[in-house]
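J.: Protein chains in written order, with this note's numbering: chain A, 1 to 116; chain B, 117 to 225.
Simulated from the structure, these hints should not be mistaken for lab results. On a predicted model such as this, the values are computed, not experimentally measured, just so you know. Treat the hints with caution; some may be incorrect.
Straight-line alpha carbon distances no greater than 16 Å define the calculated EDC-like cross-link-like pairs of lysine to aspartate or glutamate that follow [stated by the list, open to error]:
#1 K168(B) <-> D147(B)
#2 K57(A) <-> D211(B)
#3 K185(B) <-> D127(B)
#4 K83(A) <-> E1(A)
#5 K119(B) <-> D198(B)
#6 K119(B) <-> E44(A)
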Amino acid sequence: EPEVTQTPSHQVTQMGQEVILRCVPISNHLYFYWYRQILGQKVEFLVSFYNNEISEKSEIFDDQFSVERPDGSNFTLKIRSTKLEDSAMYFCASISHAGAQSNTQYFGPGTRLTVL
Amino acid sequence: LAKTTQPISMDSYEGQEVNITCSHNNIATNDYITWYQQFPSQGPRFIIQGYKTKVTNEVASLFIPADRKSSTLSLPRVSLSDTAVYYCLVGGRTDKLIFGTGTRLQVFP
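In isolation and in its complexed conformation, chain A is listed as follows (with noise of 0.2 Å):
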C-alpha cells in the first residue's frame, strides 16, 4: 500500500539554525499539507499546497516558515531560524485530487524537531 514517508525521523539543531524537513507523497497526490504537534498537545494546521502554490496557511505559518516541492516527489518544510517553542512533531499529510470522493488526507510518520 503506498504510503507517505518522511525524513529525517529525528531532527536536532541549534536555536537560530535553518531546519529542512521531507516529506515524499504519495505519487499520484495533488494537494499537500503539514501540520504539527507540540508535545502533549492538539494535532495543528500549517500549510496546505497545491499547483505549487500556497493555498492556506494558518497564523502559525509566519515568514520563518516556507514550502516548496522542488520536484515531482519531495515537498519540503523549511523553517529559517528556527526557536526553541518549534520543538514538536511535523507531520506531512496529502491527498489525491478534488474529484475524488472523498478527502482522505494520509499522514507520513512524522519528524521529530528538538530546537536546542
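Following the hints, complete the assembly by docking chain B onto the known chain A.
T.: Frame of chain A; chain B shown alone:
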C-alpha cells in the same frame, strides 16, 4: 468547518465493543466525517470515512444518522493495541483538518 465534540476519554476491556460518539451539529452539506487513530509519536492514521448511513471496513464501522449531526465509531472486539487517541473530523474534500483533543481510549486486559 464544523466543530466536533467527543468524549475526552474512554476505558474498555479486551474483547469488548467500543462505541465513540461524536457530535457535529453544524456539519455542512459537503462535509465528510472522518475518523483517525493516533499512537504516541506517530502520525494520525486513517480509520474510516463516511457521508451518511453506515460504513464498514475491516477495522471499524461508522454509523451516521439521517440528520448527520452526530456519528459513532464502533470498534469491534478491541485489543490492547487499540489503545490510542481517536479523532473525529468533518470537512470538505480538500479542507485542512482541524483536530480537537480526541478521545483517549484505554484498553485493559
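J.: Measure nothing beyond the straight line between the CA atoms of K119(B) and D198(B); if it is 16 Å or shorter, mark the hint as holding.
T.: 25 Å, violated
J.: Between the alpha carbons of K119(B) and E44(A), is the straight-line distance 16 Å or under?
T.: 14 Å, holds
J.: Just to be careful, I want the Cα atoms of K185(B) and D127(B) compared with a cutoff of 16 Å; is the pair within it?
T.: This hinted pair is violated, its Cα atoms lying about 24 Å apart.
J.: Starting from K168(B), check that the Cα of D147(B) is at most 16 Å away, please.
T.: 10 Å, holds
J.: Under the criterion that the straight-line Cα-Cα distance not exceed 16 Å, is the pair K57(A), D211(B) satisfied?
T.: Holds, at roughly 11 Å.
J.: Keeping to a limit of 16 Å between CA atoms, is the pair of K83(A) and E1(A) held or broken?
T.: The hint is violated at about 36 Å.
Consistency note: the structure conflicts with the earlier hints numbered 3, 4 and 5.
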